[in-house]
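Student: Chain by chain, the residues:
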Amino acid sequence: MFGKLSDWFDHRTGYRKFRDAMLLEHIPGGAKWRYVWGSTLVFVFMIQLVTGVLLMTAYSPGDSTAWGSVYFIQYEMDFGWLIRGLHHFGSQTMVVLLGLHMLQVVIAGAHLPPREINWWLGLALLGVTLGLSLTGYLLPWDQKGYWATQVATNIMRDAPVIGPYLQRFLVGGPEYGNHTLTHFYTLHVGILPPTLIVLVIAHLAVFRRHGVTSPRNAQGEDMFWPAQAFRDLVVSLIIFGAMLALVIYAGHGNKIDGPEPDGMYEKAAKAGRAGLGANLDAPADPDTQGYPARPEWYFLFLFQLLKYFPGDSKFIATMVIPMGVGALLFLLPLFGYGRMRKFGHFIGVLVIVALLAGVGVLTCLAFADDEPQGFLNFPCNDVKKAEKFQEDLVKASKEAGRAVNLAHAGIPAEGARELLRKDPLLRGETLFKQNCAVCHNFSVAAPEGDFKGFHDADAKAPDLGGFGTEKWIRGLLENPKDKKYFGSTKLTGMINWRKRIEEERADWKVQDAPEVYKKKIAEQDADLDKVARFIAEQAKPKEKRDKTVLSEGVKSFSARKIHLRCQSCHTIGDDGGSQGPDLTDYGSQEWIRLMIMSPGHAKRYGDKNTMPAFRNLESPGAEVHEMLFREIDPKGVVVNMSDIDRELIIRWMTRDHRVIFGGNTISGAPKPKS
Amino acid sequence: MVNQERRSFLRFAIHSLGALFGAVLGIPAACYLIDARNRPAVQRDFRPVQGVRLDDLQKDVPTQGVIRDVRTDAWTLHPDDVVGRVWVVKTGNDDASIRVLATICPHLGCFVNNNPPGSGPGFTCPCHSAKFNIDGSKNTGPQQRGMDTLEWKRDQQDRNLLLVKFENFVQGQSEKVPRT
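Taken in order, these protein sequences are the chains called S and W.
Counted from 1, the first sequence has number 355 at position 355 by my numbering; the numbering is strictly sequential.
Counted from 1, the second sequence has number 41 at position 41 by my numbering; the numbering is strictly sequential.
Derived from the structure by calculation, the hints contain no laboratory data.
The C-beta atom is built at its ideal place from N, Cα and C for all residues, glycine as well.
All the given hints hold, so there is nothing to weed out.
Pairwise CB distance ranges (calculated):
| # | chain 1 | residue 1 | chain 2 | residue 2 | range |
| --- | --- | --- | --- | --- | --- |
| 1 | S | Ala622 | W | Asn38 | 43 to 51 Å |
| 2 | S | Arg655 | W | Lys131 | 51 to 59 Å |
| 3 | W | Gly118 | S | Arg658 | 49 to 57 Å |
| 4 | S | Asp262 | W | Gly51 | 35 to 43 Å |
| 5 | S | Ile107 | W | Arg7 | 28 to 36 Å |
Below 35 Å or equal to it, Euclidean Cα-Cα: the simulated DSBU-like pairs (lysine-lysine) are:
| # | chain 1 | residue 1 | chain 2 | residue 2 |
| --- | --- | --- | --- | --- |
| 6 | W | Lys153 | S | Lys547 |
| 7 | S | Lys540 | W | Lys153 |
| 8 | S | Lys518 | S | Lys499 |
| 9 | S | Lys520 | S | Lys490 |
| 10 | S | Lys520 | S | Lys471 |
| 11 | S | Lys542 | W | Lys165 |
| 12 | S | Lys460 | S | Lys395 |
| 13 | W | Lys153 | S | Lys542 |
| 14 | S | Lys499 | S | Lys520 |
| 15 | S | Lys544 | W | Lys153 |
| 16 | S | Lys314 | S | Lys385 |
| 17 | S | Lys540 | W | Lys165 |
| 18 | W | Lys165 | S | Lys547 |
| 19 | W | Lys165 | S | Lys544 |
| 20 | S | Lys471 | S | Lys561 |
| 21 | S | Lys433 | S | Lys542 |
| 22 | S | Lys490 | S | Lys530 |
Build the full structure now, drawing on both the sequences and the hints.
Tutor: Structure, rendered in structure tokens:
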């Protein structure tokens with residue numbers, strides 16, 4: 001059946017003739033393992049094509065979408081980690097194989113006449129492959145690709161005459177952005193691969209014209225099919241196995257915290273969440289200080305070369321040497337004419353070995369400069385600089401891990417960059433420091449990562465570390481004049497309340513027997529414990545509050561004993577006094593929001609308030625809020641703070657680390673200048 | 001003869017290894033391509049409809065309402081996006097005569113308009129002129145079924161507030177089947 005179908009197809013297309021022409025190539029001297037490198041390159045390129053097309057089905061080249069789509073491929077799509085990982089390591093494998101192939105070619109003397117055109121085609125293929133690597137490095141639009149490619153495109157500027165124009169064209173404008181991505185994407189998928197395919201076809205056609213460069217004393221003969229094809233396939237599969245191993249064991253992907261996917265299939269399909277596959281750095285952000293930018297390892301030699309040519313001599317490293325090497329490689333076959341052939345062969349081997357060795361040494365030196373202990377036998381030049389680099393690297397890695405974990409809950413439409421910019425954990429601390437730590441301390445029981453709290457002996461306002469928790473409230477009830485609470489403020493209500501308790505206790509000590517005195521103190525403390533628990537419960541969402549704590553607490557809160565009488569000054573719900581702040585939902589985000597936006601409100605500190613209000617004074621509607629604010633607090637000081645910054649601070653304070661998402665936009669494009 | 005056997009073995013080995021490689025790369029690639037099956041349509045609970053107050057509805061006068069909810073589009077999360085619109089019509093005097101109709105045409109998915117003044121009560125799709133009666137039932141045109149009705153109820157606290165269980169349905173067929 002298959003035979004008949006095959007005959008029918010051959011009759012219509014003549015495919016067998018074409019297939020035979022492709023496969024039935026004579027190999028003088030027989031098939032050899034050392035002839036495999038060219039085929040392995042084609043094999044890996046085919047993998048790149050297949051995985052590349054698969055990635056294209058999910059990738060979105062845009063400033064606000066690129067990182068998100070790569071995140072989605074890596075962590076959410078079935079086997080996306082594997083497809084992307086193979087593509088990532090495939091590009092590096094191609095560079096290594098190119099080196100091996102070039103070495104094999106010059107050792108065999110296959111670059112010498114009459115094969116010089118094929119050598120030049122090979123050089124063009126080398127250039128296109130490196131171009132593919134460079135353009136692909138940017139596409140995830142992560143910090144690593146963003147900063148490394150900035151360096152590469154700036155180097156391009158040094159090219160004589162056309163450099164600045166070329167850079168401008170490639171970047172798609174004066175700065176990196178949407179058009180940089182669309183340009184790089186077009187090059188990466190629409191221009192360079194077809195160019196490479198055409199060059200490969202030409203390379204193979206010219207190769208077939210002259211055949212394999214077999215040793216002079218070669219004996220016997222084999223056909224490409226199946227003898228050489230078998231060898232090619234075996235080595236190709238070994239290389240594929242190595243690529244798979246790299247994807248699985250050397251990907252340095254960031255893990256996603258949380259429950260593992262269920263079942264064997266899900267575990268394998270979503271293995272990216274366990275850290276398998278290629279690394280994805282934090283989303284590209286031009287507003288980054290001192291990102292430790294390095295190119296991919298196979299461009300590190302150029303990066304290292306730049307260090308030896310500072311200032312205006314940079315041109316030597318960026319243009320003169322690379323172009324000189326290119327010209328030398330181009331001229332290499334010409335040394336094989338006539339009597340020069342033996343000499344030409346030797347020169348070829350010497351040049352390629354020297355170049356590969358040079359590249360290797362420069363790469364090692366580059367690694368060594370970044371490692372305080374050096375790399376292999378190469379010492380580190382500047383240990384302090386290397387330590388700082390490693391420190392920055394750890395910071396960048398942390399941010400990448402954080403971004404990936406935040407993205408798991410969804411990415412804002414404004415783009416993945418906003419994940420870290422609107423992350424309460426990372427930004428809230430900074431904003432608190434800038435806006436709140438001027439007056440407030442923020443103590444933490446134990447260091448939270450790098451954060452050890454804000455401590456200033458001259459703080460003018462309560463310490464907000466643990467604000468609203470049972471411990472914090474109990475501490476306040478115990479000693480309100482402590483600097484941690486109202487000791488440094490002008491607020492005296494709670495201090496006077498405690499003073500009355502202390503006076504009562506002093507009376508008890510005089511009047512009562514020691515056991516009775518102790519019992520009374522213990523009862524009083526137990527009441528205060530209940531009050532603290534009750535008020536702390538207010539910070540929780542209503543449906544999560546403990547009903548027993550509430551029912552017991554409200555009795556203590558409203559009791560008329562001296563040490564209680566909370567309700568005479570404070571309100572919870574509808575009942576209570578107004579001398580002190582309203583404690584309804586105390587410690588919750590809602591309570592803090594009113595405190596920040598209107599601390600002089602009757603529900604907060606009223607006319608006793610000394611804290612400025614923090615409000616958005618810039619966006620549309622701000623003037624209305626300002627007007628309403630003045631009605632309740634005519635003399636209050638108002639400091640500008642965006643709504644998002646405020647929410648970041650509130651979430652950071654309440655340890656709610658969900659990203660702040662923007663809602664409906666409330667501003668248009670800036671007004672044109674008249 | 002030995003050479004022939006060697007060639008046969010090599011051919012067999014090439015085809016076997018090739019098939020193995022094809023499976024190792026091809027199976028994950030196929031799973032990756034059909035990955036969308038892992039993301040079913042969101043089953044939404046009752047959501048408030050903006051722009052409609054139930055007691056303000058007039059007989060045979062369609063009112064358009066908006067439903068907002070969290071919307072996830074692959075990697076992007078829209079925390080408060082318009083997930084759909086509905087036409088709300090009242091054809092009698094009681095709640096039983098209130099119908100909430102999806103604005104998406106059951107023919108091929110265009111947005112169905114309210115008939116312009118002077119054309120009588122009802123709805124018309126601007127794409128292929130599918131016409132519907134005021135209660136959403138099929139009138140004339142290429143559509144296989146009437147406009148899709150949605151489940152609704154009054155809010156417990158605010159009795160004037162309309163709550164709708166918003167769904168999208170498969171177009172181009174006579175049965176009303178929710179998208180899954």
